[in-house]
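> Sequence:
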Amino acid sequence: MLGRKLVGILVLVLVGAVAVGAQVKETQRTPVKPINQSIVDINTAAEADIVSIGIERTAAKKIVEGRPWRSKRDLVTKQVLTKEQYEKFKNSLVAKQSKKS
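Just so we're aligned, residue 1 is where the sequence shown starts under my numbering, counting upward by one.
Don't read these hints as lab results, they were simulated from the structure.
By construction, the Cβ of each residue, glycine as well, lies at the ideal position given by its N, Cα and C atoms.
Take the hints with a grain of salt, since some may be wrong.
[Said to hold, decoys possible] Between beta-carbon pairs, the in silico distance windows are:
#: 1; residue 1: V18; residue 2: V76; range: 44 to 50 angstroms
#: 2; residue 1: A19; residue 2: S52; range: 43 to 49 angstroms
#: 3; residue 1: A46; residue 2: L14; range: 55 to 61 angstroms
[What the hints assert, rightly or not] Distance condition first, Cα-Cα at most 30 angstroms in a straight line; then the derived DSBU-like pairs of lysine-lysine:
#: 4; residue 1: K61; residue 2: K78
#: 5; residue 1: K96; residue 2: K78
#: 6; residue 1: K72; residue 2: K99
#: 7; residue 1: K78; residue 2: K99
#: 8; residue 1: K90; residue 2: K78
#: 9; residue 1: K62; residue 2: K78
#: 10; residue 1: K72; residue 2: K83
#: 11; residue 1: K72; residue 2: K88
#: 12; residue 1: K83; residue 2: K62
#: 13; residue 1: K61; residue 2: K88
#: 14; residue 1: K96; residue 2: K72
#: 15; residue 1: K88; residue 2: K99
#: 16; residue 1: K61; residue 2: K83
#: 17; residue 1: K61; residue 2: K5
#: 18; residue 1: K61; residue 2: K72
#: 19; residue 1: K90; residue 2: K72
#: 20; residue 1: K83; residue 2: K96
#: 21; residue 1: K62; residue 2: K88
#: 22; residue 1: K62; residue 2: K90
Model the full structure from these sequences, guided by the hints.
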């Protein structure tokens, strides 16, 4: 009788441990967005601001010289950035259009 209770308790403890372990692993899979990630407008930002997000200085200079950009995707179509570089930085870039008066 005591053996059955002990086995039952052990089974409950193991099931609880597996459930808690699964929940902990699930929270670790959640993507974390960096707190200090800044957004840079490729049509108005200074070259230093573009470099500050990780883009190489030569590419940043080409971005500044090629203004205005219709969209941030133009950086790939005009071969300023490779597809891999664009994928890395696309969440940090915008191409706002100036208001015409």
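> Now tell me, hint by hint, if it's right for this structure.
Hints, verified against the model:
no.	hint	verdict
1	V18 with V76: 44 to 50 angstroms	holds, 46 angstroms
2	A19 with S52: 43 to 49 angstroms	holds, 44 angstroms
3	A46 with L14: 55 to 61 angstroms	holds, 59 angstroms
4	K61 with K78	holds, 14 angstroms
5	K96 with K78	holds, 18 angstroms
6	K72 with K99	holds, 17 angstroms
7	K78 with K99	holds, 24 angstroms
8	K90 with K78	holds, 15 angstroms
9	K62 with K78	holds, 10 angstroms
10	K72 with K83	holds, 12 angstroms
11	K72 with K88	holds, 13 angstroms
12	K83 with K62	holds, 16 angstroms
13	K61 with K88	holds, 18 angstroms
14	K96 with K72	holds, 9 angstroms
15	K88 with K99	holds, 29 angstroms
16	K61 with K83	holds, 18 angstroms
17	K61 with K5	violated, 73 angstroms
18	K61 with K72	holds, 15 angstroms
19	K90 with K72	holds, 8 angstroms
20	K83 with K96	holds, 21 angstroms
21	K62 with K88	holds, 18 angstroms
22	K62 with K90	holds, 17 angstroms
Hint compliance for this structure: hint 17 is the single one not met.
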